[in-house]
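Chemist: Listed below are the residues making up each chain.
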Amino acid sequence: MPTISVDKAALFKELGREYTTEEFDELCFEFGIELDEDTSQSTKPEDQAQPAQLKIEIPANRYDMLCFEGIALNLRVFLEKQQLPKWTLSPPKSGELETLTIKEETTKIRPLCSGVVLRNIKFTQERYDSFIALQDKLHQNLARQRTLVSIGTHDLDTIKGPFTYEALPPEEIKFAPLNQTKEMNGKQLMEFYDKDKHLGRYLHIIRDSPVYPVIYDSNRTVLSLPPIINGNHSKITLDTKNVLIEITALDKTKVEIVNHILVAMFAGYAESIEPLKIISPHNNESREAPDLTPREMQVEIDYLNQVTGLDLAPEEISKLLAKMGYSARPSQGESNLLDVAVPITRADVLHQADVMEDYAIAYGFNKLPRYYPNKSAAVSAPLPINKVGDIVRLESAAAGWTEVMPLILCSHEENFAWLNRKDDGKTAIKLANPKTAEYQIVRTSLLPGLLKTINSNKHHAVPMKIFEVSDVGFIDLSQERKSRNERHFAAAIMGKTSGFEQVHGLLDRLMLMLKSAFIKREDGLKDPQLGGYWIEEVEGKLNATLHGTRLTELSDPTFLHGHSAAIKLNIDGKHHTIGVFGILHPSVLQKFELPYPVSTVEINLEVFL
Amino acid sequence: MAGGTRGPVPVPLENKEHNVTQDVLDLLDQKEPLQTSEDFPAISQAEIKAALDRLASRSMVEYKTNDSEQVLLSKEAEAIVANGSHEYKVWKAVKDAGKVPIKELANVVGGESAKVGQGNAFKNKWVKKDGDSLVLVADTVQDTTRDLLKGIQETKSLSDSKTLNDLKKRKLVTLSKIIHYTVTKGPKYAKEIPVEVTDLTAEMLTSGSWETANFKPYNFNALGANQDAGSLHPLNKVRQEFRNMFFSQGFVEMPTGHYVDSGFWNFDALFVPQQHPARDVQDTFFISDPPKADKPRPDPVHEATMDAMEAGSRKLFATPESEKRQIKPRDFEKYWQNIQDVHQKGAFGSIGYRYPWSEDECLRLVLRTHTTAVSTWVLHRLAEDPRPARYFSIDRVFRNETVDATHLAEFHQIEGVIADFGLTLGGLMRFLEDFFANMGIEGLRFKPAYNPYTEPSMEIFGYHKGLKRWIEIGNSGMFRPEMLEPMGLPKDMRVYGFGLSLERPTMMKYGVNNIRELLGHKVDLSWIKEQPAVRLEKD
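Heads up: the sequence lines are chains A and B, in that order.
Using the UniProt record's numbering, the first residue of the first sequence is number 1, and each one after it goes up by one.
Using the UniProt record's numbering, the first residue of the second sequence is number 1, and each one after it goes up by one.
Treat the hints as calculated values from the structure; they're not laboratory data.
Be a bit skeptical, because a hint or two may be false.
Once the Cα atoms are required to be at most 20 Å apart in a straight line, the calculated PhoX-like pairs of lysine-lysine come out as [as the list claims (entries may be wrong)]: (1) A:Lys387 - B:Lys237; (2) A:Lys591 - A:Lys496; (3) A:Lys458 - B:Lys522; (4) B:Lys292 - A:Lys426; (5) A:Lys137 - A:Lys197; (6) A:Lys13 - A:Lys55; (7) A:Lys430 - B:Lys292; (8) B:Lys75 - B:Lys156; (9) A:Lys108 - A:Lys252; (10) B:Lys177 - B:Lys31; (11) B:Lys468 - A:Lys252; (12) B:Lys64 - B:Lys103; (13) B:Lys115 - B:Lys103; (14) A:Lys574 - A:Lys520; (15) A:Lys458 - B:Lys103; (16) A:Lys591 - B:Lys64; (17) A:Lys568 - A:Lys520; (18) B:Lys125 - B:Lys92; (19) A:Lys591 - A:Lys458; (20) B:Lys177 - B:Lys75; (21) B:Lys64 - B:Lys237.
Pulled from the structure, derived: some chain A residues nowhere near chain B, Cβ distances all over 12 Å [said to hold, decoys possible]: (22) Phe24; (23) Lys44; (24) Ala143; (25) Glu288; (26) Lys435.
The C-beta atom is built at its ideal place from N, Cα and C for all residues, glycine as well.
When you get a sec, could you build the whole thing from the sequences and use the hints?
Modeler: Here's what the structure looks like:
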């Protein structure tokens with residue numbers, strides 16, 4: 001959520017009274033914004049050195065409150081100090097509009113442009129700063145770092161229409177950028193700003209394009225190179241009287257939202273809002289911009305009242321909606337409808353649900369009748385796999401083991417190389433954009449987390465006995481999401497001796513609790529209908545001879561040769577290998593920096609569902 | 001913990017030479033009271049105290065502790081007592097030789113004595129200078145410094161505090177605190193410690209010797225034997241409390257067993273626009289392998305799980321009407337199209353976001369950023385037979401956050417969903433009041449907020465008695481028509497959603513300030529073992 005700093009004294013002057021910090025906090029709370037800080041309460045020297053500021057958090061969809069003017073306006077309307085202004089366009093007396101022609105080449109890079117002229121604006125330092133800051137906030141939020149929309153503002157008296165919006169090879173565009181005296185072409189400009197902390201991060205938007213977007217006046221003066229920077233020639237100052245705003249974009253909806261917000265916030269300082277004539281026949285975007293007509297919609301009165309639990313008359317609802325900037329009146333001919341005009345500032349209003357929420361805010365969320373409609377009835381049920389998991393958790397704890405909760409994400413090497421396991425490339429879910437190497441994949445085994453937990457607890461006395469019941473993830477191309485989770489149980493013991501018989505004993509105990517009997521291997525293999533489990537040693541396979549040395553490839557190199565066992569299960573007439581236990585191979589201990597022998601067991605719990 | 005040292009077995013006290021316990025008993029028989037400093041000067045204070053405690057615990061002796069100070073000589077002072085003061089040594093050297101050249105003095109009496117002693121010997125008028133040499137003045141002298149120190153050595157005290165301070169400054173003496181004991185016979189005094197047994201044994205029961213046995217007293221000041229107990233993780237203990245709260249209100253647990261979800265279920269179906277900042281690489285983990293999801297389609301395994309869980313509810317609330325009700329199979333193709341429309345051009349009474357909606361973006365795989373993705377799937381299933389229903393889940397979610405004391409890249413989301421006809425916003429507030437009252441948080445306030453998939457949206461604030469301020473404890477709202485109606489749910493069916501993290505209330509409960517001390521591999525095992533059971537309603 002964006003945070004906006006406003007001058008406390010100036011805001012309270014607009015609101016027509018003083019507020020204590022608590023009172024103002026309360027007002028914000030009711031309206032749905034949040035007072036983050038009142039710097040008059042701060043003890044920091046930098047805060048005390050300047051006039052008190054209120055730092056206010058604004059919901060991400062309220063673009064009309066991203067500057068002092070918008071916050072003051074919306075709160076004044078909410079407090080019924082004024083009605084929301086009706087913004088209207090005034091063409092010049094001559095009837096001749098400024099025009100901007102969009103060339104078809106712009107479709108290759110940034111096809112849309114809108115704009116407006118503010119006549120006889122009166123800037124002060126505060127207004128000027130706010131004007132610049134609002135553009136910045138819009139660029140950050142709605143415009144997604146200028147990728148979707150970007151704004152350029154110009155002193156109209158320094159340039160001469162008609163204007164053109166073109167797309168040209170970077171070498172052909174030559175101008176002195178804002179606050180620079182040296183002229184440069186598009187390519188040089190990219191190099192010039194490459195290391196710039198502020199502008200550097202926007203260069204990628206157009207850098208590699210064969211053509212760059214550019215706006216010229218009739219004398220081929222460059223107004224701007226969107227979305228990077230304006231020209232120095234037309235920059236606005238405190239003395240600027242007539243402002244030309246141009247807005248280029250990829251998104252047709254957002255370009256007009258931005259235009260509306262700039263007009264609504266700053267037209268109050270100008271004498272008139274003059275439309276800009278956009279000529280763009282190739283994509284049917286020729287028009288006069290902006291369209292300041294409020295959007296008319298109809299809302300159902302019974303919907304508004306039912307959801308809020310209120311029962312107010314249409315006139316009362318209309319009055320409350322006016323506090324939120326709407327102008328509403330009962331619809332003619334249809335008693336259940338209100339005609340609502342949504343002002344240009346409220347781009348967030350998409351559905352009558354939004355109007356309903358504003359009705360509730362205007363009434364006061366915390367004053368709404370709090371009745372719970374005693375209608376729904378249900379019978380609770382736990383997720384079956386959680387029930388199985390809980391049995392295993394409780395029995396493991398009762399057997400003297402401690403539950404741990406490591407993370408799901410881990411590095412690739414912890415999950416594979418450190419466990420002497422190979423990644424076949426078809427198993428582990430890989431992340432595209434982790435911020436650190438700690439989070440590269442979704443774990444496919446609970447072992448890395450257990451071993452890292454033991455590593456972090458090396459200062460504790462041994463034996464250390466820990467377990468976890470949680471999910472691992474696998475790629476599974478048969479699924480809609482191309483992956484699936486699997487609920488696992490795993491335990492690890494570190495002590496002066498291996499603890500092999502301990503993990504074995506814990507396994508026996510859990511199998512007993514899961515109603516699975518210990519059976520003979522031969523019997524289990526012979527008759528899958530015979531329910532139960534058995535253990536099979538994982539044997540080394542002799543498979544090659546190198547330089548006269550017989551090489552043994554272990555089928556599970558995670559474990560010490562000859563000290564690991566597969567866990568076999570017959571359940572519901574089906575045979576499964578559900579996991580493995582054993583003494584970890586010393587090379588694994590070395591990777592996880594564990595000083596004593598460790599034995600582990602890990603099984604898949606899904607088969608017990 | 002070494003076995004057997006807790007409980008009734010005392011620490012062995014006897015050293016090799018003597019049995020202090022027995023010595024105390026023997027001497028008390030002849031002399032009472034005893035002063036340990038006088039009667040046992042060679043035994044260390046720790047050793048004598050252990051012996052006395054052992055006897056006192058059996059009421060065989062009583063003792064009083066006395067503190068006093070001792071004046072002790074330094075090495076230098078002890079040398080003075082043995083060999084005389086520096087000035088005496090100078091005088092003696094001059095007397096023996098008749099005349100000592102000043103340059104030679106250090107060779108005769110040593111450097112330190114020559115330096116300090118010469119001046120004092122002048123001051124005392126014992127010697128004087130004659131040219132470059134020292135000659136005698138006094139024939140006989142009294143070495144008062146040595147006498148003073150000798151007195152201190154014998155009595156270990158000095159009454160004149162001015163002189164004492166002077167000596168301390170000259171580093172000739174130090175003060176040390178000593179503890180000694182005055183010992184008298186106790187009510188159960190005897191000349192020997194009676195034979196004691198430490199525990200009741202099976203043999204004693206058989207032989208009947210328990211009747212006459214003298215049981216060693218139990219040390220109630222120590223803890224009992226360590227249980228070496230297993231334990232559940234505190235976070236999961238709190239999780240179980242929340243699950244119980246949901247179960248007591250008739251909620252069905254949702255199948256959250258997939259960390260990976262498509263943009264469709266995680267975002268688009270929730271009416272989160274494709275340019276929303278939450279879909280930025282800065283906030284969400286995208287999956288590079290596997291590359292892309294399928295379009296939404298039936299999922300028989302999870303359907304069956306849900307059917308089984310809801311069978312009880314359907315049976316219990318069955319009516320003639322409900323049994324006749326037709327199940328309307330879901331049309332996934334239609335759902336997909338509806339979602340595209342509601343984003344791109346508006347539908348279901350909404351003007352939509354009006355942007356070019358991308359199928360590729362929608363099918364990108366992500367690590368789910370919230371379990372609301374699962375709630376969406378469950379609500380879509382509900383559209384087959386829209387009826388009152390309650391669902392919940394508590395499971396892991398992922399955010400591409402920079403890790404700090406309050407943020408991890410993964411945490412647990414608690415999520416509850418209530419679907420019914422004619423729900424009101426105030427009803428949600430009432431429900432949440434009740435829900436949070438179960439964990440001792442009362443007097444909730446609700447702040448209007450923004451969330452792409454709920455309207456109205458409310459942040460839930462509770463007053464924290466410990467912190468003495470209002471804190472945000474969760475988020476809630478009613479799901480947007482743009483989310484529900486594309487699923488095929490009827491317009492008058494409304495759905496509450498609310499959520500909070502599991503970690504935050506747990507951190508408050510256990511006073512944990514750093515989330516890394518709660519979740520992940522860095523958590524301390526002792527901490528896990530020592531946290532008490534959770535009773536959310538109690539504290």
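Chemist: Does each hint hold? Answer for all of them.
Modeler: Evaluated hints:
{"no.": "1", "hint": "A:Lys387 - B:Lys237", "verdict": "holds (15 Å)"}
{"no.": "2", "hint": "A:Lys591 - A:Lys496", "verdict": "holds (18 Å)"}
{"no.": "3", "hint": "A:Lys458 - B:Lys522", "verdict": "holds (11 Å)"}
{"no.": "4", "hint": "B:Lys292 - A:Lys426", "verdict": "holds (14 Å)"}
{"no.": "5", "hint": "A:Lys137 - A:Lys197", "verdict": "holds (17 Å)"}
{"no.": "6", "hint": "A:Lys13 - A:Lys55", "verdict": "holds (17 Å)"}
{"no.": "7", "hint": "A:Lys430 - B:Lys292", "verdict": "holds (12 Å)"}
{"no.": "8", "hint": "B:Lys75 - B:Lys156", "verdict": "holds (15 Å)"}
{"no.": "9", "hint": "A:Lys108 - A:Lys252", "verdict": "holds (16 Å)"}
{"no.": "10", "hint": "B:Lys177 - B:Lys31", "verdict": "violated (26 Å)"}
{"no.": "11", "hint": "B:Lys468 - A:Lys252", "verdict": "violated (48 Å)"}
{"no.": "12", "hint": "B:Lys64 - B:Lys103", "verdict": "violated (59 Å)"}
{"no.": "13", "hint": "B:Lys115 - B:Lys103", "verdict": "holds (11 Å)"}
{"no.": "14", "hint": "A:Lys574 - A:Lys520", "verdict": "holds (16 Å)"}
{"no.": "15", "hint": "A:Lys458 - B:Lys103", "verdict": "violated (67 Å)"}
{"no.": "16", "hint": "A:Lys591 - B:Lys64", "verdict": "violated (60 Å)"}
{"no.": "17", "hint": "A:Lys568 - A:Lys520", "verdict": "holds (11 Å)"}
{"no.": "18", "hint": "B:Lys125 - B:Lys92", "verdict": "holds (14 Å)"}
{"no.": "19", "hint": "A:Lys591 - A:Lys458", "verdict": "holds (14 Å)"}
{"no.": "20", "hint": "B:Lys177 - B:Lys75", "verdict": "holds (19 Å)"}
{"no.": "21", "hint": "B:Lys64 - B:Lys237", "verdict": "violated (51 Å)"}
{"no.": "22", "hint": "Phe24", "verdict": "holds (14 Å)"}
{"no.": "23", "hint": "Lys44", "verdict": "holds (20 Å)"}
{"no.": "24", "hint": "Ala143", "verdict": "violated (9 Å)"}
{"no.": "25", "hint": "Glu288", "verdict": "holds (20 Å)"}
{"no.": "26", "hint": "Lys435", "verdict": "violated (6 Å)"}
Hints 10, 11, 12, 15, 16, 21, 24, 26 from the list above are not met by this structure, while the remaining hints are.
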